[in-house]
Each structure stands twice: as C-alpha cells, then as structure tokens.
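Engineer: Spelled out, the chains give:
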Amino acid sequence: MKNKIVWIMAVSILIFAGFMGTMSRLKDNGIFYLKDIEGQREYLELFPVEGVTGDGSHGFIFQLDEGQLSTKHYPFGTEQINTILFAEREGIRGLKKYNYDYYNQDFLKRPLVSVDSAPSKDATLQHTDVIHEEVLRNENFRNEEFSGGETVIADKVDIYLDMWGRSGNGHARVRTGMTLQEEEYYYTRGDYEETDSYFFQSYFSYNDMQVEASSIKLGDTYYCIAIPNRECQGETSLFRIKEEGLQVHQEEYSEKGLYEQREYGDADILCTFPVDEDNRVLGMFAVGESSLGIFRVEGERVFFEIYDTEGKLIVRELVSQEHGSKISEVEADVVAWDGKDVSIYFRMYQVFEQEGTEIWEGTIFGLYQVDEKGLKRLNYDGQDSGKLLMVCRNNLILDVSMVHDEELNVPYYYGYQVHLSVMNGDTGKVLYKGKIQTDYAEDLYKLFSPHNIAVNAPYLEESMPNYYVGDIIVQRQRQISNILPINGKVENIWFR
Amino acid sequence: MKNTLKLSNYLFGWFFHKYERYILWISLAISTVLIFVGNLDNKDKYHHIAIEFRTYDLVVDYSGAGFVFLLGLATIFISIFIQINGFYTNGKGMYSIFTLPMRRSEVFMAFLLSAATAVMLYFAVWLVAMIILYFPITSMYEKAASEAVLYISEEVTIRDLDTTITNGFFLAFQRSVFLSTCFPAFSIQAFAVLSGMLLSTVAVVFAGLYNDYISLRVVLFLAVLGGFVVAFYGAWLTFQNNYNYISQGVVLQGLSGTAAALIIGGALLFTAVHKLKRRKDI
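Here the protein sequences come in this chain order: S and E. Per the working numbering, the very first residue in the first sequence carries number 1; after that it's consecutive. Per the working numbering, the very first residue in the second sequence carries number 1; after that it's consecutive.
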C-alpha cells in the first residue's frame, strides 16, 4: 500500500467497470417474451413487426420476426427511442439517428397545400371603406388604433386550392369548383395608425370553415384535393401537378388587395366529384406506389374508390348502405407491405356536441386488403378500443391490442396487456393468439404509492383522477408505446 | 513519473486526512439517515407519499441523498482549491514544492493526479454505499408492502400483494435520476460524467496553482461549474423531459457537451503547464 494513488485508482476503476459490466448483463434480465395462448405461431411469420417499449428512463426496440422476439436496449426515454426507431426505418444510421426529427421529416415529405377563397365572378359585391365589425370584436384588434380600412362583402365565394412544392418556391393555385353561398362573406383590411402596416382578414379564414386540403406525393408528382364541408356546393376535383408545373411567379399579389382570383401553375384535373348536401368527399390517401384511395358519400351510401395516377377509376366498393349523412370524420391506417400489398384499416365517426363536449361515435369500422387479386373487404367489424396495430395480408388479419388480463391482480385499466391475434380474413376464426408477457405490472404498485393508503386516506379510485400531473413516478411505468410492421410503409392518416 | 507519483501520494494523503475522509463519512452518514429514517418513520412529512410501495429508486430520489452527494462533491472541489492555494498563503510551501528536483509539468501533474484520485474515490465509495444500501432498503419496503392493504374503493380492498420487483437492482439504478446521472451504467452517460469531472478537476487545480490574476481564477471557477453542468446535464434533461412532456436529444447534446469539456479540459491542461513553466517568481 506504499503507492496509495495507484491502488485507489485501480480499485475505483475496478468498481466502476464491475458495476457497468453487471448492469450491462442485467439489462436483459427482465421479463419480456411472447407467450402462446392458442393456435400456431407460424401465422405470425407473415406479419413481422417491431416496436418500442420502456419508460421515461430506459427501454428497448423489439422485433418480432419469424415468430421470434428480439430486443435492443437503450438507456433513454421511450420518446427518444421512438425517434431512433423511425430514423432506422428511414435507413438513417450512426449519430444522425439520435438527432432525427421524425415529425418534421414526415411533414416535409408531403406537399404543402391549403385552401382559401375569393368572391365568385357572378357574386354580388358590396364595398365599404371601413374595417368589418366582426374582426374588430376580436380581442387582438380591440386595443389597436386604425387610420382606415376597406371591406368587400360577397354573397358567393369560390374555394381555391394552393400548393407549394418542397424543393423550391414554386406555387400553384387552382379554383376547386366548390362554392359557398349561405352567408355574407367578407374580405377586410385594416390600416394601423402608428405604422405603415395593415392586416387582412376574411370570413373564410376568421371562421373555422372545416374545408380542408389533402395531398399526396407519388414519385415526383403531387396529387391534391379539397375536402368539402357540409355547406359546400358544386364540385371538387382531384388535381395532379408535377414539380415543374409549380410556377415561380414574379408578380406578387396587388398591394392591399383584399383577395386573389387568379390561378397559377399547370395543374391537371384528373377527375371531378359532385359536392352538395348529399355528395361529399371524405378523404384521400395513397394506396401503394401508384394508386389513390378516396372515401366518398352519396346520400346515405358510403363508397371506397381506388383511382390510378391518371384519374381512372379502378375499383368502386360500397362500404355501407347507410349512415352516409351522419359521418363527418374518417381515420385510416394504411400500410403498404414491401410497397405492394396494402392494408387499409378505417374508422368512420359521427361527431356531435353533447353538453359542450365533442363526442366521436364510431359508426363504420372496416379493413380492406389490396393486392394483385384486387380489393377485398375482410371479415372484421371490431370497434374495440386499445388497438396498437391492425393490418391484413394474404387474407389474414393481425390484431395487436391492449386486452385486460384477468391474471393480473390490479384494478381498472392497469391490468391491460398486449395481445397479438391472427385471424382468418373470411371467417374471422382466430388462428393464433399470444401475448407479450412482461413484468410491467410490477410498476403499477409505484403508481399507487403517491397515495397514502392508510386508513384516513381517500380510496384509490377517488384519488387517481388527480394524480397524473407532472409526477416523476409516472415516468417510471413501462409500456409498449409503438408497434409498426417491418418492411411496411405506414401512413397514419386522419382527415374529415 | 516516479517523482510525480511520490508527490501526488503525499498531496493526496494530506488531503484525505485533512478534508476528504470527513466529507465522505459525513455525507454518507447524512444520506443513510435520510434514506432510512426520513422515509420510513416520518409519515407526516411525507404524507402524500405512501411508504408501502416505494422502490429503491424512489426512496433514494425522494430522500435528498442526491443533493447531499452534490454538496459533498462541491465541498471536495472547494477543499482541493483551498489546499492548493494554502501552499501559497500558509507558510509559502508552494515555493518549496517548486524547488523539488522535478519539472514543473510534473508538479502540476502530481497536483492533478491527487485531485483526480480524491474525486474518483468519492464517486467509488458512494457507488459502493448505494449498492450496499439497495438490499436492506428493498427488503424493508417489500416487507412493508406485503403487509399493506390497498383500499381501491369502499367495496374493494387488496391484501397479500406480491410486491417483489423483477430485476429491481437494474431498474433502480436506471430509474433513479440521482443514481443514473451520477453512476451511469452505459457509456454515453459515463463519458459525460467523466469528461465533465475531468474539466472541473483540471480547472480547479489550475485555479489553485495560478494566483497571479483574479480574473483568470474567476474564469477557471466558471470552467469548474461548466464541468459540473456537463457531468450532470442528464439529470436536468430528465427533469425537463418529465415535467414538460418533451423528448430532448440526450445523446447528441450529451456528446457535444462531452466533446466540448474534453477540448476545453485539454486546452486548460496545456495552458496551465505552459504558464507554470514561464513563471519567474517561483
């Protein structure tokens, strides 16, 4: 012990190295495996999936491939691991994957589209030299001083679709064919007194008109459509525009112009759909690499149509004979397996207000399979909540859901575990059922720990609702947060 | 090298006897008391947190042991500075040290080695203590939990809960903000702690040895603080992410902090040796 420094350094390094080595070995000692419940696991081989699980401090990316579950540990929170998974799915490796901004990258892939309005050519216009009173009621303008303004009121307006390319500043603007004529639509400008600046506002932009734009990029071509609200009349068209068709127009909007009626760019109309009280387009999404899917309503009937990139109708399928007039929201999870076989899991909702709360009531749920044999609706009408993934392929359905596990001695929804089922697409017969067996339920006791369970404390069910606010304990509950198909391009789409 | 080791042994031995052993034992004793007594007995103080289901990571994080650790570490650094500066102010021993038959760079390295050993020893003893404490604390809480009754509602109560935690040791050291930050189990966090502490150690030794300009010392103190920020940035990020429900890039920010600390630490080391060589007054 003559040389204390060397001894202390050596022992300290040994302690740190031993600790890190032990922890590295222990990281795989938790319980996380696939437990078969019934059927043959071979059915899972058609559905290779990967996902993220963990808590706020650590977790792993798991893969279920060829029926075997494998894991890779990361000492980060689940959100960060999700980012790594998305980056790896995009083929990004090395340090870059840790800094991948999935949400912005995904956003950048889509063409930027929006809708706006301008008075129709045959509209009756009223012109005044004052700011429209509705705008002045807005608290943002209430305390401002204005030197003047201008307002035009039209009884009929056209809706325009604006598209911007991602690779430059090109712009296209087209008239959709839809009009609004139920209200007095104003376009107003206010000139600020203290500065030489002004603002524009219109009825269309000021009020939430629920007219939206949907866009897809297939290859180097953009496909865009305006999605009408229930007041729209006329027609809406599916536009196709190439990057070079976007115009870099030098001529800016006329200064202090209240609205814009001009059209720019070379957009082709591929097909047109009637729009009125009975006819609505609900949404559009890509079906694989070379076709487009559109949900439409005609009266009470709901249709699913697939078009090719020339706008030619390939197939038209009746989704439902009824409920068409009720449906106002549609969600669709679209998965293209290896860029070819497509699975479309859709949910249609009736949305209404009840005591000031917006209620989404599931109306039509379904699953479509698109492959070389064509379009097929599979035998699935499940409306269960807690779905992590619902996909189909080769006439089989994979359902990954949170299911309440009776074996777990914990109350309420804490006893839910991830179950995987493969079903026959024609008969609905369950061919395989399994669950991801974990030790995650052990974390639940910590969830109860912020409540004093002594005699005088409130019962757990009374105190739990007030619990989930900024507490670090919440970050220590492991859960499976994401499951995605391997080799499956996923488009999570929600639209009106 | 031999002379460097001899001098560093002497410096470390003196530092350990005069400062570090007290800092170590006092900080550990306070933490142990906090972990055992503060959590288990004082129900009123922690009335909003039931004791029965708490795991080691929660016990440690809520006990305040992390603050005691940081306070002790800060005291170690302050003591290192006081010790080195004391060679100038108390008895002018620094001038004797510089007359030893060794190069000035070796003198600097001896001070650095002694300080680094003190810091390393502090971390190692604390880690061992935290590992040892895991076992009695966990069994104590598991026993308490097994005797607990969970009142779900007026009608539903649960007894005889199985409260054992699978792989609990690993989970505790991963989930505890204090333990995962100060005693990282994986390389990316370990690099951050290592480089941050290296920067702080070089800066504090430089500040102690270089007494010409107060402004330079202030900059070096800031570098010591910078080292602490790099080393324990993970804890700050965890709190940020947890409370704001965001996910900031741990890896890249950690790596850039690590790289910056290593570069600045290296530059300080080079500058310190260079400046010592050029000093004419000693």
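Since the hints were derived computationally from the structure, they do not count as laboratory data. Note that the structure is a prediction, hence the values are computed from the model and not measured. In this text, a Cβ means the ideal position worked out from N, Cα and C, and glycines have one as well. Heads up, some of the hints might be wrong.
On the chain S side, residues computed to face chain E include the following (Cβ under 8 Å) [stated by the list, open to error]:
# : residue
1 : Val11
2 : Phe19
3 : Gly30
4 : Asn138
5 : Tyr445
Engineer: Against which earlier hints does the structure fall short, listed by number upward?
Structural biologist: Of the numbered hints given earlier, the structure breaks just one, which is hint 4.
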